[in-house]
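Enquirer: Spelled out, the chains give:
There are 2 protein chains.
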Amino acid sequence: MLQAALSNEKTTKKVILFSDAAKYFANDRTRMKEILGGKGAGLAEMTLAKCNVPPGLTITTDVCREYYANNSQLPQGLFNDVLTELKQVEDQVQRKLGCADNPLLLSVRSGAKFSMPGMMDTILNLGLNDETAKGLTKLTNNKRFAYDSYRRFIQMFSNVVFSVSKDLFEDALDELKFERKIKVDSELSGDDLETLTDTYKQIFKTKTKIDFPQDTKDQLLQAIEAVFKSWNNNRAIYYRNLNKIDHNIGTAVNIQSMVFGNLNNNSATGVCFTRNPSTGEKILYGEYLINAQGEDVVAGIRTPNKVFNLQFEMKSLYDELNDTARKLETHYRDVQDIEFTIEDGKLYILQTRQAKRTAQAAVKCAYDLVSEKIITKEEALQSIEPLKLNQLLLPSFDIAQKEIAVESGKLIATGLNASPGAAIGKIVFCPDEAEVLNSKNEKVILVRHETCPDDIHGVVASQGVITSRGGMTSHAAVVARGMGKPCVAGCESIKVDLDNHEFKVGNKIYKKGHLISIDGSTGEIFDGSIDRHEPKITHEFDQILKWADEVKVLKIRSNADTPEDAQTAIKFGAQGIGLCRTEHMFMDPLRLPYVVKMILATNVKEREQALEKLLPMQREDFIGIFKAMNGFPVTIRLLDPPLHEFLPKVLDLVNELHELKLNKADSSKIKATQALIARVKDLSESNPMMGLRGCRLGLIYPEINKMQVQAIFEAACEASKTGIKVFPEIMIPLVGHVNELKVIRTQLEEVATSVMKEHKLEIAYKFGTMIEVPRACVTADEIAQYAEFFSFGTNDLTQLTFAYSRDDAEGKFLQRYLEGIEINGKREKILIDNPFEVLDQNGVGKLMKIAVEYGLQTRPDLKLGICGEHGGDPSSIKFAHQLGLNYVSCSPFRVPVARLSAAQAALSNQSGVTKDV
Amino acid sequence: MLQAALSNEKTTKKVILFSDAAKYFANDRTRMKEILGGKGAGLAEMTLAKCNVPPGLTITTDVCREYYANNSQLPQGLFNDVLTELKQVEDQVQRKLGCADNPLLLSVRSGAKFSMPGMMDTILNLGLNDETAKGLTKLTNNKRFAYDSYRRFIQMFSNVVFSVSKDLFEDALDELKFERKIKVDSELSGDDLETLTDTYKQIFKTKTKIDFPQDTKDQLLQAIEAVFKSWNNNRAIYYRNLNKIDHNIGTAVNIQSMVFGNLNNNSATGVCFTRNPSTGEKILYGEYLINAQGEDVVAGIRTPNKVFNLQFEMKSLYDELNDTARKLETHYRDVQDIEFTIEDGKLYILQTRQAKRTAQAAVKCAYDLVSEKIITKEEALQSIEPLKLNQLLLPSFDIAQKEIAVESGKLIATGLNASPGAAIGKIVFCPDEAEVLNSKNEKVILVRHETCPDDIHGVVASQGVITSRGGMTSHAAVVARGMGKPCVAGCESIKVDLDNHEFKVGNKIYKKGHLISIDGSTGEIFDGSIDRHEPKITHEFDQILKWADEVKVLKIRSNADTPEDAQTAIKFGAQGIGLCRTEHMFMDPLRLPYVVKMILATNVKEREQALEKLLPMQREDFIGIFKAMNGFPVTIRLLDPPLHEFLPKVLDLVNELHELKLNKADSSKIKATQALIARVKDLSESNPMMGLRGCRLGLIYPEINKMQVQAIFEAACEASKTGIKVFPEIMIPLVGHVNELKVIRTQLEEVATSVMKEHKLEIAYKFGTMIEVPRACVTADEIAQYAEFFSFGTNDLTQLTFAYSRDDAEGKFLQRYLEGIEINGKREKILIDNPFEVLDQNGVGKLMKIAVEYGLQTRPDLKLGICGEHGGDPSSIKFAHQLGLNYVSCSPFRVPVARLSAAQAALSNQSGVTKDV
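So the sequences go chain by chain: A and B.
Heads up: the first sequence at position 140 corresponds to 140 in my numbering, and the numbers run straight through without jumps.
Heads up: the second sequence at position 676 corresponds to 676 in my numbering, and the numbers run straight through without jumps.
One or more hints might be untrue.
Identical chains blur together in the list; that is why a pair holds if it fits in one copy or across any two.
[As the list claims (entries may be wrong)] In silico BS3-like pairs for lysine-lysine, Cα to Cα no more than 25 Å straight-line:
| hint | residue 1 | residue 2 |
| --- | --- | --- |
| 1 | Lys681 | Lys649 |
| 2 | Lys671 | Lys661 |
| 3 | Lys440 | Lys306 |
| 4 | Lys649 | Lys671 |
| 5 | Lys681 | Lys669 |
| 6 | Lys760 | Lys669 |
| 7 | Lys671 | Lys495 |
| 8 | Lys377 | Lys201 |
| 9 | Lys669 | Lys13 |
| 10 | Lys512 | Lys229 |
| 11 | Lys14 | Lys671 |
| 12 | Lys205 | Lys177 |
| 13 | Lys346 | Lys613 |
It should be emphasised that the hints constitute simulated quantities derived from the structure, not laboratory data.
Isolated chain A, as found in the complex:
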C-alpha cells in the first residue's frame, strides 16, 4: 500500500525538497537520478545521510520535458508549487526571499541525469536587489561583500536570462579599476562596488530597454525558465551528441539557499578527502581558509591551511566535519572528496564525490574499509583500477627530486611512456657492449633507433631502453613491458648517432657512458641520477590479491621463456605458463651460431647435426622451467618466427660485400659473403608475417620440431624423476588448416612416445594449437579434432583480422587512426583504442566467439586460453571471462593486474551488469 502511494506521488510531484526526496524514491537511486538529475540527487542523498546541506528544492526533469512538449511554457501552477516549497526552506534557514532585513539568497542551477559540466546555465546570489543589498550590508556589516555579490548577480542574470554580453560588464569593471588606478578587484571598496552596481544596472537597461528586475520572485521565475532553455543551447546539444546522451532526458533545476564562508571570521570554506589520497591513511586531508569563498582556496592569493589544523582553530567544527566525513564514507561506501563551508560557526556540506587516489591509497583504503566493515570484499575488489597496480610493482623516482630536476633544466627529452618504471644508468648504444658492461656490474641504459630480436640480449643487460622511433607496440616497448623494464619509446627529439656513440638533443650532445635517469611511466629522460623508491608488496596488497583469487573464475598464467621468468611469474601468483616462446631460447649468443648453421644447412643431415648441439641446451631450459612451475601446466610453443630473423639483413651484407671489395679483401671472404647473401635472399620474403613460419616450418623441416619435442619430453622425464610434477602442453603456432595439425601431431607424438618409452615414464601432456589465423577460427570444429587446447594468439589474430602489420601500422597510419582524420574541420577518429592494446571485441572478438563455439561443439572439454599482450589488459580479460575461456596468460609483471581484473570480471558478471558479449 505504501509502495503504491509512493509510486503515485512519483508521477505527480514536480517540486521536491532535498529533505523530502527519500520518501519519494525510497532506495531507487537510479530513478532518483533520472527525476532529480545528478546534482539534485546528490544533494538529496547527502541530506538523507544527515549531512548539513544548505536547504533547497529540485524542480524535476519531468517538468523540463513538459516545458518543451508544451511549446516552452512552464506547466500551470508550477511556480506556485515552487513558492510553497520555498517557504519551508525559508523557515529552515530563517531568512526570506526579498526580505530587506534578512534576505535569503539562492543559487539556481541545472542538473541532468548525466554530468554535462559547464554546458548549461547557473545563477548565483539570486534574491539581491537594491533593498536586500542594503539589508545584507547591514546584516553582515560588510558592504564590499554585499555589493560584490549584487554586481556579480546582475552580470550573471543579464547574461543568462537576457543574453547580454559579459564583456560589457567586464569592460565597466576594468574602466572603474583604471579610474581608481588599481589592478586587483579586491582593492575596490564597498562604495566602488555600489557605484559599479549602478553602472551594471544601466548596462542592463540600455540593452534590454527595461529596468533590472527588483521583484525577487520575478528573478526566480525568469531564472528557472532560463535554466530550462539552456538545455537546448548549442553547446549542450553538441556535448550530448558527442557523448551520445539522449536529447529527451531533460534537466532538473536546483534552487538552493546560499551560504557564505566569507561572512565573518567565524566562517570558512575548504575541501577535504576523508582519507589521505596518496597513502590511504585514515585522516582528514585537505585545505581550508577562514573568512573566504570557495574560489579563494583555489585562486592561491592566500595560502590555505591544512584541514588537520582546523581542530586547533575550531575544534567542534573539525569534529563535526570528521563525523560527516565518516558518515559520507559509510553512506557512499567509498572514500570521499568533500566541499564544505562554515557560515558563522555552522558547517555546511556543499558537494561530495568519490576521491581520486594513488594505487597505494586505493589498495590501503579498500583493505581498511573492509576491516572497518564499511564495504564487502567484493566492493573492495571493484574499487581498484587494475592497471594502477603496475605502479606498486615498480621502483619510482622521488617526486620532489624530479621536480627539482625539471626546474634546473635536467629534463633532456620526453618520449612515449612505453613501459613504466624508473631506471638509472650509463648511456650505451650497442647491445653487445651493454652485455659486457652488465657483466662488470655497470648499470646501463640502451639507446637505439629501434630494437629488433637480435638486440634482446642488450635489453636483458640494461636497466631500461630508449628508442628514437616506434610506438607503444614497437618491438622495444613490447619486450620491455614483457620484462618489466622501463622504456621510453619513439623519442623523436633524440637524434641517435650509432657510429659516433652519441645522441643529440638540439645542440646538446650526450656521449656513451653519460649517466641518465628514465621514467618509463611518464616518458621523461633526465640528465644525471634521481633517487628511487623500491616497491614492496604490502600486507594489504597481498590480501586484496588473495581475495581476488577467491572470486575469479579465470586462471591466470604467465608468458615466460626462461626459468627466471617462470620464477618471477610464480612470485606474482601465476597458475602456470600460457606461452613459452622457444625462439627466444635460440637468441642466446652461445646458441645463435648453431641456429645459423642449422638454417644454412643445405641438407637434412647437416641440419640435424646443428640441431643435436641445440638439443641439450633447450632441454636444460625446459628442466628449469618445469622446476619453477612444479605442479602447474607449461604451454610450450614450437619454433614460430621465419628463419631469416636469425640471419643478418641482406642490406647489411651487401654493404659489407662492397666494403670487402673496396678493401680488396681475400677472395674467399668475398665468395663466402656472396654465398651468404644468396642464401639470405633465398630465405627472405615479401611478407614474412604470412610466409614460411609457424607450423609451416615444422612441416617443411620436421627435424626442428622433432628436436624441440625431444628436448621437452627428455626434460619432463628428468624433472619428473626428481619428484617435480610436470604438465607440458605442446602448442603448434599459426595453424590454419586441420591437416597441418593432424600431420604434425602424428609426427610429434611418435617422438614423445619414444622418449617416454626410453625413460619408462608416462608424462601427462596435452597437444594443442594457437588460434591466430582467421581461418582457424571459422574451421575450429575441424581443428578441435586434433587439438586438446586452443590458445588465442590475439596479437597475430589482430594483425590478420585487421590486415595491420604491427611493425608497419604504428608508424605509418595507426597513430593517425587513433588521433583522428581531419574532415570538414573536425577530427574523426577511425579507431577508439589501439587494437594491439585493447582487444577488438567487435571484430577479432567475433572470430574468437565463433572459434569457441565451434571448438566446443567438437570437443566439449576443450581447454581455452589467451596468450599475448591482451592477456594483461583488463577489458580484454573481462571479455575472456565472458567468452568462457579457462585462462589468460600475460607477462609476469602483469599477473597481479590480471588477477584483479579476472575477479572484477567475475563480479560484474554476477551482478549482471554486462552480459552483452
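On the provided structure of chain A, position chain B as indicated by the hints.
Expert: For chain B alone, coordinates are given in the frame of chain A:
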C-alpha cells in the same frame, strides 16, 4: 499395385539377368546402380536400349553385404539361383557351360556402385577345362586360340582364387619361349600352348596340393566367392579410404557370356566414338581389327582400320553399329565411346561411356544434339566443361608440327603452363626493349627471372612471357592470364642472364633476338617457329553462350583497367566492369615520373602539383572505359598498392650508390641517390601487404583519392554529354573498419558533388567497398551503413584468412602442401586445391557467408559481387551463385567460361543437387 509388386521383388531378387533389370528398377537409375553396381547397371541399360550385349546376369550388392554379415558365407540357395538364371543365358547364346561340343565361356567381374578401376578381381574364359578346350578347338578350328584362352584362364583362376603368384606362370612361359628360341608369345603354336597348359596345371597342383578344377560349376562358384572376397583386399580398402567410399556398399558380381572377335575372319573387335571427338562432326570415329581381340587394337602390333572403312568390309554390320551408336546417344543423351566385338558376323556391344572430347567438339556436339532434339538446351549447357572453353579463345599450335618439333629436338624446356595460348617471337629480356621492338612491329617474347609491376609495359608489348621462377599464381602468371597472353612460368631449367642478354639450358645458349615459340597450355618452349591456328567464335559457340545467358542468374562482369580491355570484355559478353584497377594506369612509362614525383613530395602542395598532371590522363582513360561500357556499370577501385611499389628497390639503389662512389661520381649525384634511398627506406615496410595501402592511403593522403574521384566524375560528365550512359561505382579497397569508409565517403562525395554541380549534371553512381579483410566480413553490418555494394576481393581475403602471403607461399610451402607431406612413408596432402585458384569455401567462404548475411541485414538491396581471379573459376562461380551474389567479375578472356559456369550453377541449383552451402 505394380509399383508395390516391383518394390517387393527389389528386396528379394538376388540374381538378375541383364535383360530383366528394367522390370525391377523401372526408371530408378540410382537404385539400379546401387544394387547392380556401375558395370552391371551399364550392361543392363545397354540391353534395355536394345543393344546386342552378350547376355549375362548380375549377383546384387545385397549379396555381398549378406556374405560379409554371414561370416563370409554365400547365402543359402544363391548358387542355385545363379544356375537357374544361367540357363536362360545358355538358351539365348545356344551354348552350355561345361559342354564339350559347344562350350559357354564366361567372364566373372566385380562392379561396385562407384568405379574402383583394377582394385578388385576379374576372371575371364571361365568354363574351360581339358574337355571344353578340345571342343573349342574343334568348334573354332583354332587350337592356338583355344589353348591360349585356357592357359590364361588357369593363370587368372589360380591367382585370384588360390593366390598363386602370377610370376610362376610367367616364368614357365618365358622358359618355353627360351626353349623354342622365340621372342614373341604369338609365335607359339597351338601345340606349344597345349604343353604350356599342362605345365600351368602342374604349377597349380604343386602350390595347392589339388588338381586344377575340371568341374565348370565348381569353377564358377569359386570365382564368385573370390570376387566377393576381393571387396576387402588391401588395395580396395586403401582405394576406398582415399576416395572416401563407404566400405559397406559392397560389390556386385557380373557373369557374362564371352564373345570372341578373334574367332575367324568374320569376326572383329574395335572401339568407336559416336561423333568425331576432335571436331564434333556426326560420323562414327574409331578403329577396328578383323579377327582380333580387344588387346590387339591397343597393342599396336597390327595397324587398325578406321571404323569409317568398316562399311566397305562389312556394310550391314557398319550400319548396325551406326544404328546402335545413335540408339546409345539417344538413350544416354550424350556422345558415346563404345567398345564392340563382332563374333562370326554378329555385333556385340561390350561397353559404352561418355566420350571425352575437345572443347570444339563439346560445343558442336552440344549444339547439334539440341538441334537433333536429343537433349534440351539445359542438358547441352551442362555437358560442357567450362574451363575447356579457354581453348576456343586462344590461338593454338598445329599438333602435327609440334610433334615433329619434339622429335627433331627443338623442345628447349618445359615449365609451368601458367597461361594458355601459343605465341611466337624473338627473345627479349628487358621490358623497355620489348616496348621499343613492339613499336617497330617486331614480335617478341619477354624472358625474366620473374616479373613485377614495373615490367607490365613489357608484358603488354610482348606476345608471351617466360619466367624462370614463380608459380601458377606468380605476378607474371596472373598478369598474363589477365591479358590472355601465353605464359610459361617457373621454368627452372632456364638460367636467365640479364646482364648478357641470354639464357642457358644446359650448355646451350639462347641469345636475345633468337626466335622461339611457347605453348602456354602445355608449358613447352620450342626453338624456332611453329604454325598456329587462330581461334574463331563459331555460330554454335555463340549460340551456347546465349543459351547460358538465358539461364544464368549471376551477372558476369569483367576486370578491365584500360579502354582496350573494356572493349575485349564487351566482345566476350561482359555485363559491366567489376574491377578497374587504377594503379595499372599509373604504370604507364609516360606517367610513372609524375607518380614518383607525387610519392617523393614532401608536402601536400608538391603532391597536388604532381597529381594535377595525372588528372587529365586518368580522365581520358575513364572516358574510354565509359564509352566501351555504354549502359553497363563500371566499378573503379581507387589506388590500392603501397606507394613503394612505384619506386626503385632499396637494394638496387644501394648497389647504384656503391657504383657511383667507386666511380668517384659527382657528389650531387651521390647525394641525390642517398636521399632517394632514405625516402624509399622510409616508405618500405616489413609486411607491405598489411601496411600503408588501400583505403589507408586515401586517409593519409586524401589528395590522391580526391584527384581520382575528380577524374572519374569529369569523365562521367563528359561521356554523358556525348550520349553515353555511365554508371560509375566508386570502390574503396582494404576497408576493415566502418569509420574508414565513413570518412572517405564524406570526403569523396564532396568532390563528386562539386564536379557534377560544375557540369550541371546528375550522374547515377554508387559508393561501395571491397570486402577483403576478415574484419570487414564480421562487421559487414556496420560497413553496409556506408556501402551500397560489396565486392569480395577474394585474392586478399584468401591471403589474410589463411595468413598466406601469395608472393611467398607459392615458392616456400604451398606447392609442398598440395603435393603432400611425407609421414610414415605416406604422403598426406595438407590442401586439395590451391586456394588462390579455387575458392576455399570451408574457410574463406564461411567469412563471405557471414558478410553477406550481415550486409543484407543492414541494407537489403546491397549489391554483391566477386572480383579477383576466383571470379573465373567454375566451382567458385557456383559458390557465388549459391551465396546469392549478384555478379562475378573475371578477366576478359574468362568471361565466356564464367557465363557458362553461371548457367550451370543456376541449373544445378534448380535440380537441387547441391544446396549445402
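Enquirer: Between Lys512 and Lys229, at a C-alpha cutoff of 25 Å, which is it: within one copy, between copies, both, or neither?
Expert: Close neither inside one copy (65 Å) nor across copies (85 Å); limit 25 Å.
Enquirer: Between the shortest in-copy and the shortest cross-copy C-alpha distance, which are at most 25 Å for Lys681 and Lys649: within, between, both, or neither?
Expert: both (9 Å within a copy, 14 Å between copies)
Enquirer: First find the shortest C-alpha distance between Lys377 and Lys201 inside one copy, then the shortest across copies, and answer within, between, both or neither for a cut-off of 25 Å.
Expert: neither (59 Å within a copy, 95 Å between copies)
Enquirer: Taking 25 Å as the upper bound on the Cα-Cα distance, should Lys14 and Lys671 be classified as within, between, both, or neither?
Expert: neither (92 Å within a copy, 78 Å between copies)
Enquirer: How would you label the pair Lys681, Lys669 (within, between, both, or neither) given a Cα cut-off of 25 Å?
Expert: This pair counts as within: shortest intra-copy Cα distance 18 Å, inter-copy 28 Å.
Enquirer: From the Cα coordinates, with 25 Å as the cut-off, is the pair Lys671 and Lys495 best called within, between, both, or neither?
Expert: between (36 Å within a copy, 20 Å between copies)
Enquirer: Treating 25 Å as the Cα threshold, decide for Lys671 and Lys661: within, between, both or neither.
Expert: both (11 Å within a copy, 22 Å between copies)
Enquirer: For the identical chains here, do Lys205 and Lys177 meet the 25 Å Cα criterion within one copy, between copies, both, or neither?
Expert: within (22 Å within a copy, 137 Å between copies)
Enquirer: My question is about Lys440 and Lys306: at a cut-off of 25 Å on alpha-carbon distance, are they close within one copy, between copies, both, or neither?
Expert: Neither. Shortest intra-copy (49 Å) and inter-copy (95 Å) distances fail the 25 Å Cα cut-off.
Enquirer: Reference check for the pair Lys346 and Lys613, CA-CA at most 25 Å: within, between, both, or neither?
Expert: Neither. Shortest intra-copy (83 Å) and inter-copy (79 Å) distances fail the 25 Å Cα cut-off.
Enquirer: When no copy is specified for Lys760 and Lys669, does a C-alpha distance of 25 Å or less occur within a copy, between copies, both, or neither?
Expert: neither (50 Å within a copy, 72 Å between copies)
Enquirer: One pair to classify: Lys649 and Lys671, alpha carbons no more than 25 Å apart. Within, between, both, or neither?
Expert: The answer is both: 17 Å in one copy and 24 Å across copies each meet 25 Å.
In this structure, the earlier hints numbered 3, 6, 8, 9, 10, 11 and 13 are contradicted, and the remaining ones agree with it.
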